[in-house]
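Colleague: Here is what each chain is made of, one letter per residue.
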Amino acid sequence: MSEQLENEAIQTAEVTPENEAGDMGGQNGSDDIVALDRSVVRRAMWRHLITLQWSWNYERMQALGYVYSMLPVINAVYKDKEERIAAMKRHLVFYNTNPQVGSPPIFGATVALEAQRQAETVDSIKVGLMGPLAGIGDTIQAILFRPIVAVFAASLALAGSYFGPLIMFLSGILWTVLMIPLFYFGYRQGIGVAREVSAEGRLTRFTDMVTMMGMVVIGAFIPSIMASVTTPLKYSQTVSNLGQVHTETVALQSTLDSLLPYMIPIAFVALAYWLLRGLKLSAVWVLVILFVVAFVLGAVGIL
Amino acid sequence: MASYSIITALILAIWAYVGIVLQLGPGLWWTEALIAGFVTGAVVGNIPLGLSIGGSLTLLSLGLWTYGGATIPDFQTGAIVGTAIGAIGGGSGAFAAGFAVALPTALLMTQMDVLGRAVTTIFIHGADHYAEEGNQRGLAAMHLLGQLPWGLTRAIPVFLAVWLGAGPIKSLISAAPAWFSNGMTTAGHVLPALGFALLLSMLPLRRFWPYLLVGFVLFAYLKMPLIGVAILAVAIGFIVSTTQARNERSEASV
Numbered sequence: 058m059s060e061q062l063e064n065e066a067i068q069t070a071e072v073t074p075e076n077e078a079g080d081m082g083g084q085n086g087s088d089d090i091v092a093l094d095r096s097v098v099r100r101a102m103w104r105h106l107i108t109l110q111w112s113w114n115y116e117r118m119q120a121l122g123y124v125y126s127m128l129p130v131i132n133a134v135y136k137d138k139e140e141r142i143a144a145m146k147r148h149l150v151f152y153n154t155n156p157q158v159g160s161p162p163i164f165g166a167t168v169a170l171e172a173q174r175q176a177e178t179v180d181s182i183k184v185g186l187m188g189p190l191a192g193i194g195d196t197i198q199a200i201l202f203r204p205i206v207a208v209f210a211a212s213l214a215l216a217g218s219y220f221g222p223l224i225m226f227l228s229g230i231l232w233t234v235l236m237i238p239l240f241y242f243g244y245r246q247g248i249g250v251a252r253e254v255s256a257e258g259r260l261t262r263f264t265d266m267v268t269m270m271g272m273v274v275i276g277a278f279i280p281s282i283m284a285s286v287t288t289p290l291k292y293s294q295t296v297s298n299l300g301q302v303h304t305e306t307v308a309l310q311s312t313l314d315s316l317l318p319y320m321i322p323i324a325f326v327a328l329a330y331w332l333l334r335g336l337k338l339s340a341v342w343v344l345v346i347l348f349v350v351a352f353v354l355g356a357v358g359i360l
Numbered sequence: 201m202a203s204y205s206i207i208t209a210l211i212l213a214i215w216a217y218v219g220i221v222l223q224l225g226p227g228l229w230w231t232e233a234l235i236a237g238f239v240t241g242a243v244v245g246n247i248p249l250g251l252s253i254g255g256s257l258t259l260l261s262l263g264l265w266t267y268g269g270a271t272i273p274d275f276q277t278g279a280i281v282g283t284a285i286g287a288i289g290g291g292s293g294a295f296a297a298g299f300a301v302a303l304p305t306a307l308l309m310t311q312m313d314v315l316g317r318a319v320t321t322i323f324i325h326g327a328d329h330y331a332e333e334g335n336q337r338g339l340a341a342m343h344l345l346g347q348l349p350w351g352l353t354r355a356i357p358v359f360l361a362v363w364l365g366a367g368p369i370k371s372l373i374s375a376a377p378a379w380f381s382n383g384m385t386t387a388g389h390v391l392p393a394l395g396f397a398l399l400l401s402m403l404p405l406r407r408f409w410p411y412l413l414v415g416f417v418l419f420a421y422l423k424m425p426l427i428g429v430a431i432l433a434v435a436i437g438f439i440v441s442t443t444q445a446r447n448e449r450s451e452a453s454v
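From first to last, the protein sequence lines are chains C and Z.
For any residue, its number in the working numbering is found by taking its place in the first sequence, counting from 1, and adding 57.
For any residue, its number in the working numbering is found by taking its place in the second sequence, counting from 1, and adding 200.
No lab work stands behind these hints: they were computed from the structure.
Quick caveat, the model's predicted, so the values are computed rather than measured.
We treat Cβ as the ideally placed atom computed from N, Cα and C, and that holds for glycine.
Please note that the accuracy of each hint is not assured.
[Claimed, not checked] These stretches of chain C come out as covered by chain Z in the derived footprint (C-beta under 8 Å, 3 or more residues):
hint, segment
1, 189 to 201
2, 231 to 241
3, 266 to 274
4, 304 to 314
[Said to hold, decoys possible] Examples of chain Z residues toward chain C, derived with CB under 8 Å:
hint, residue
5, G268
6, I356
7, P404
[What the hints assert, rightly or not] Every beta carbon over 12 Å from chain C, so not counted as near; a handful from chain Z, in silico:
hint, residue
8, S205
9, I211
10, G290
Given these sequences and hints, build the entire structure.
Modeller: As structure tokens, then:
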């Protein structure tokens, strides 16, 4: 998708609904705007919430789920069979965005716009917003929210606490429940959704704030989670104490700890980071390399 | 107990199917290794093992996300199969044995994920055909049947691994020498490094690295419990953010 296309989409989207509807009204007569029954809107919302990605595929990704969810609206708005076919085909084009944060407001807005028979605006809203909202949604969920919750839950679980899985379970429910207000937000805003999303100043400040919090927590989590990565090795050194020379055995770990606590965990994280960013290896390759290194070191008794 | 009944295998296969299909709609996170491990642990009667395998897998999935439909290791199936196989016979080697199975399972399952995502392409072509005819029932069926490739690519491997594979695989691993289980346990402890590195590579480290040091010092030197660190983190984030906002406003007004 080109940037030009995106800009165009936002521009189209900024035409106010009143104007657009008025223009179309002049052309097409009085049956343009359909007041959607609330049950139709609700049915579309639930279809989208429960099944959006069931038929996800490499070719058009979430397209079929989108059409399926839109069917109740299409049937309510268009009575003519040919019009319904045209609407279905219009929605059968490539569509993919973040399913929980991104898609509900887009879908809500397009439901509202379909009811006003603004087919072109519907298409441009989808194309224009799916990219930005995929980025925003994935960032909020995958980088800010999930890792912090997951580390917390996993550390509880590793200590044997049932609160670990419980926290994950409740977090999952939280995002599912949020899809409902996000849909209605989009539905009420209609075209205004595009404006809200492009006002990114507030969002940037929010993500910065959460990133700072996340960084502090991760800084503490790395040594906490990986505390069991230690070495059992010992070495002997000669010390002279009040003129008497004798040899004593020192645990290598305590020497390392006095230099920098949790030195080995930090070294492993740094190694993995370097493999990912410096050597640009994929996560699966880094997984294999780390596994082999750790397995060998553990098997021969160095770690 | 040297293997599992067909009923247990079926329950876990259905659980895997439901988990992935829900993930495609409402989300709910049932595919999270922690939840999958816990539930499998409950089914096979070893919840502590499910928690430790699920927890370990969760830690190495920290920065992983299916961006734009990318395939990532399938830690759901890994946790189910790993916990089920590790739980046979139990004992102190259960984690090493389970983890030894969970990791390769999660990696091999990426092939099944690609298969599932590719097979559903058939349904979108079917949907094109039905849309052309105006057949909404056909179109809906194409969409709803799309769950089959997704669900079965998880359910079938789980079923076969638990029903047929569990006994033989477990006895193979039990026969392995001590160095094997030492290596496996160490790998389990080290691999969270990948999760942290992935996460750090996604975050704007160049701008925010000092905050990382703050957290490290609080835990490593000041021995502050994690809850305390988290509370302080909220305070720091809030203070810095509001200070920045105030500075920007005063600059704008000058």
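Colleague: All hints, please: hold or fail.
Modeller: Okay, the hints, checked on the actual structure:
Note: the segment 189 to 201 of chain C has 5 residues with beta-carbon separation from chain Z under 8 Å; the three-residue rule is met and the coverage holds. Closer than 8 Å: that is the beta-carbon criterion, and the segment 231 to 241 of chain C has 3 residues meeting it against chain Z, so the requirement of 3 holds. Given as covered by chain Z, the segment 266 to 274 of chain C passes the check, having 9 residues with a CB less than 8 Å from a CB of that chain where 3 are the minimum. Coverage of the segment 304 to 314 of chain C by chain Z is violated in this model, with 0 residues showing a Cβ closer than 8 Å to a Cβ of that chain against a need of three.
Given the 8 Å rule on beta carbons, the hint for G268 (chain Z) holds: about 7 Å separates it from the nearest Cβ of chain C. Hint status for I356 (chain Z) relative to chain C: violated, with the closest Cβ pair at about 18 Å, above 8 Å. Among the interface hints, the one on P404 (chain Z) holds; its C-beta lies about 7 Å from the nearest C-beta in chain C, closer than the 8 Å criterion. Separation of S205 (chain Z) from chain C is adequate, the least Cβ-Cβ distance of about 25 Å exceeding the 12 Å criterion.
With a least CB separation of 18 Å from chain C, I211 (chain Z) remains clear of the 12 Å interface cut-off, as annotated. Against the 12 Å criterion, G290 (chain Z) stays outside the reach of chain C, whose nearest CB is about 15 Å from its own CB.
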